[in-house]
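Peer 1: Using the sequences and the accompanying hints, generate a full structural model.
2 protein chains.
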Amino acid sequence: MSDTILADMTALLDDLTKPKGSLGKLEDYALRMAGIQGRVPPRADRRAVFVLAGDHGVTDEGVSLYPRDVTAQMMANFMAGGAAVNVFARACGFDVYAVDAGVATDLPAWPALDPERSAPQESGGSPGFFGLKAMRGSANFARGPAMTDRQFATCLENGRRLALFASRSGYELVAVGDMGIGNTTSAAALLSALGFCPDDMVDRGTGIDDATLERKRLVIAGALDALGPFPAGPGGAARAGAAFCGPELATAAGLMLGLADARVACVLDGFPITAAAALACRLNPDAAACMFAGHQSRVRGHRPVLDALGLDPIVSLDMRLGEGTGAVLGGFVVGLACRVPAEMARFSQLTVSKAPSDEVDY
Amino acid sequence: MSDTILADMTALLDDLTKPKGSLGKLEDYALRMAGIQGRVPPRADRRAVFVLAGDHGVTDEGVSLYPRDVTAQMMANFMAGGAAVNVFARACGFDVYAVDAGVATDLPAWPALDPERSAPQESGGSPGFFGLKAMRGSANFARGPAMTDRQFATCLENGRRLALFASRSGYELVAVGDMGIGNTTSAAALLSALGFCPDDMVDRGTGIDDATLERKRLVIAGALDALGPFPAGPGGAARAGAAFCGPELATAAGLMLGLADARVACVLDGFPITAAAALACRLNPDAAACMFAGHQSRVRGHRPVLDALGLDPIVSLDMRLGEGTGAVLGGFVVGLACRVPAEMARFSQLTVSKAPSDEVDY
Numbered sequence: 001m002s003d004t005i006l007a008d009m010t011a012l013l014d015d016l017t018k019p020k021g022s023l024g025k026l027e028d029y030a031l032r033m034a035g036i037q038g039r040v041p042p043r044a045d046r047r048a049v050f051v052l053a054g055d056h057g058v059t060d061e062g063v064s065l066y067p068r069d070v071t072a073q074m075m076a077n078f079m080a081g082g083a084a085v086n087v088f089a090r091a092c093g094f095d096v097y098a099v100d101a102g103v104a105t106d107l108p109a110w111p112a113l114d115p116e117r118s119a120p121q122e123s124g125g126s127p128g129f130f131g132l133k134a135m136r137g138s139a140n141f142a143r144g145p146a147m148t149d150r151q152f153a154t155c156l157e158n159g160r161r162l163a164l165f166a167s168r169s170g171y172e173l174v175a176v177g178d179m180g181i182g183n184t185t186s187a188a189a190l191l192s193a194l195g196f197c198p199d200d201m202v203d204r205g206t207g208i209d210d211a212t213l214e215r216k217r218l219v220i221a222g223a224l225d226a227l228g229p230f231p232a233g234p235g236g237a238a239r240a241g242a243a244f245c246g247p248e249l250a251t252a253a254g255l256m257l258g259l260a261d262a263r264v265a266c267v268l269d270g271f272p273i274t275a276a277a278a279l280a281c282r283l284n285p286d287a288a289a290c291m292f293a294g295h296q297s298r299v300r301g302h303r304p305v306l307d308a309l310g311l312d313p314i315v316s317l318d319m320r321l322g323e324g325t326g327a328v329l330g331g332f333v334v335g336l337a338c339r340v341p342a343e344m345a346r347f348s349q350l351t352v353s354k355a356p357s358d359e360v361d362y
Numbered sequence: 001m002s003d004t005i006l007a008d009m010t011a012l013l014d015d016l017t018k019p020k021g022s023l024g025k026l027e028d029y030a031l032r033m034a035g036i037q038g039r040v041p042p043r044a045d046r047r048a049v050f051v052l053a054g055d056h057g058v059t060d061e062g063v064s065l066y067p068r069d070v071t072a073q074m075m076a077n078f079m080a081g082g083a084a085v086n087v088f089a090r091a092c093g094f095d096v097y098a099v100d101a102g103v104a105t106d107l108p109a110w111p112a113l114d115p116e117r118s119a120p121q122e123s124g125g126s127p128g129f130f131g132l133k134a135m136r137g138s139a140n141f142a143r144g145p146a147m148t149d150r151q152f153a154t155c156l157e158n159g160r161r162l163a164l165f166a167s168r169s170g171y172e173l174v175a176v177g178d179m180g181i182g183n184t185t186s187a188a189a190l191l192s193a194l195g196f197c198p199d200d201m202v203d204r205g206t207g208i209d210d211a212t213l214e215r216k217r218l219v220i221a222g223a224l225d226a227l228g229p230f231p232a233g234p235g236g237a238a239r240a241g242a243a244f245c246g247p248e249l250a251t252a253a254g255l256m257l258g259l260a261d262a263r264v265a266c267v268l269d270g271f272p273i274t275a276a277a278a279l280a281c282r283l284n285p286d287a288a289a290c291m292f293a294g295h296q297s298r299v300r301g302h303r304p305v306l307d308a309l310g311l312d313p314i315v316s317l318d319m320r321l322g323e324g325t326g327a328v329l330g331g332f333v334v335g336l337a338c339r340v341p342a343e344m345a346r347f348s349q350l351t352v353s354k355a356p357s358d359e360v361d362y
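Line by line, the protein sequences give chains A and B. The opening residue of the first sequence carries number 1 in the numbering used here; numbering runs sequentially from there. The opening residue of the second sequence carries number 1 in the numbering used here; numbering runs sequentially from there.
Keep in mind that the hints were calculated from the coordinates and are not lab data.
Where chain A lies over chain B, by a calculated footprint (3+ residues, C-beta under 8 Å): (1) 23-35; (2) 74-82.
Computed list of lysine to any residue pairs in SDA-like fashion (alpha-carbon distance at most 25 Å, straight line): (3) A:K20 to B:D60; (4) B:K25 to A:P304; (5) A:K20 to A:Q349; (6) B:K25 to B:S348; (7) B:K20 to A:G62; (8) B:K133 to B:L283; (9) A:K20 to B:V70; (10) A:K25 to B:R303; (11) B:K25 to B:T10; (12) A:K25 to B:G81; (13) B:K133 to B:P111; (14) B:K20 to B:A342; (15) A:K20 to A:Q37; (16) B:K20 to A:A80; (17) A:K20 to B:R204; (18) B:K25 to B:A288; (19) B:K25 to A:L65; (20) A:K20 to B:R68; (21) A:K133 to A:P67; (22) B:K25 to A:G93; (23) B:K133 to B:L107; (24) B:K20 to A:R204; (25) B:K20 to A:R300; (26) B:K20 to A:D60; (27) A:K133 to A:Y66; (28) B:K25 to A:R90; (29) A:K20 to A:A342; (30) A:K25 to A:D15; (31) B:K133 to B:A262; (32) A:K20 to B:D69; (33) B:K20 to A:P313; (34) A:K133 to A:A109; (35) A:K25 to B:D307; (36) B:K25 to B:I5; (37) B:K25 to A:D307.
The beta-carbon is built from N, C-alpha and C at its ideal position, and this holds for glycine as well.
Peer 2: If you want it as structure tokens, here you go:
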């Protein structure tokens, strides 16, 4: 953040008609947003959530409670407006984009948006759809890398295209969410390959039993042995990404890298998206500067990864749903933090008008 | 909560198209709201914040950084829409009511609402005003009770009138905020009289120095000695209320008691309002069932009081501003929790319509 922006934003916050610092973390968020956008006050009124969907070959190992078809069914739910993220987005003022980053099955022929254009002026609140199917689900990483290096590069590039779409469309804040049966397994393996302790990363996901949990552990341990080692640095990170990412997580990493380049704030959802963020930050350490942690999820591996990224979760409500729900709610708070300096009365305005016609000094 | 409502609400939450329990505390909030309202799903779309303002004679002891006139100046700021709570309310969908519960000085002649009627249909988003000045600031409790028993009863009654106004106006959720220079001193003394450890209750408020903090401690300790003892039970609580409440805190307690009687959910702001809640719950232990803790403030005495009330703060953002800001943000989350069961698709709906015209089984 430039010293000027920091000084200007701090001066503005201290000029608002409230005790200094009394809005706590909201003031920190406003400062960070000013730094990201390079303007005082920052703005986050125009907001979108991208729900990236993809399938995972590792579900063949029986690591998840839900059949893989649920990914495609939930895409239909997003497009119909009936999923949790749709409700959150309507309440919190976010446009919804559902992205087929690599769902295994064919999806209905929804009219697809072109990522090289900008958002349609009049969506009437309906979710937009992007068809960016880089593969029909990833390969089973218990038997080899989840995707080829070339597929991994395609996913990153697809994510960067979405970031350009977001920037071109004027979005000031982008929430990133995920849908993919099996993706807590993928995320745990990816994070382990990036150096996090595997035992801390493996959790029950959507509610699996002890036997499934143990299988999940063994599958990940075996794959780390077979596909590693993963050296520190961007090369090793890319290798880890191709080894373990589902298409939605690799696309999410690309989206975050693109948003960082475009200086658009990015709000992370839960554990899988935070794994993608860890990957993005390993590929480009500058990416973290544009990230907010939307929430602290109930998945146990989430917190150590947020700590490593230096991110403090905005809300903590024991959610573990994904889809971008936590990112949307956290992003709403960041939006509020930006409205405060834009809309509050200031001490330096010598008069603050009162209703109906009087004026008073502050 | 009736067993039927609990069972119906639980069944609905588990029928939503998401993993069971995956919305964490939001599901708890929806359950509590169903219990309060006695309907499934509950609603919290129509929301208001009442900012209760009053002055405190104890400011004569030099316990606050700000002059007492700021209370009236901030009332003007609320009415002009330029205070933090106005920004929060616009962003979070709350109507704002500024209440002169006992400001020391004359306020401008704003058109006052009649608490015996209901909210005007068309406010155009402008704050409403209630003139319920029970006194011109409380007396200095360093020299005697802050108010007479009769004044205390008047404040409680004024609060109950506001609750009836809220209920009659169809508000489904009411945030309660405060404005009163000196009211963390009043709240700390009140809570000490109610049995909390005085050393845990005294904090720096809006940022006082060590000498002022020590003075605040001594004033409270002296007044507890002089005006006590305060026996357990409603009688002692009423005596503590008259001894230490400013008019806005006594009115807040009455508002909470009235909301509980009307089964309207009430969201608490920070330390002073939580002190009023502790008083209300001592006067009527059933009142807690309708309360939510909007946030955890940075004031150190806040947490032990919330714990004693059995309330878990919804957000925790290191705010310590008052005005209802934390209550509005927390109340927004409760509103979202109510929208989820009302708007999400359900597994038991055999078909979920997709765009543009297909349907899919869940």
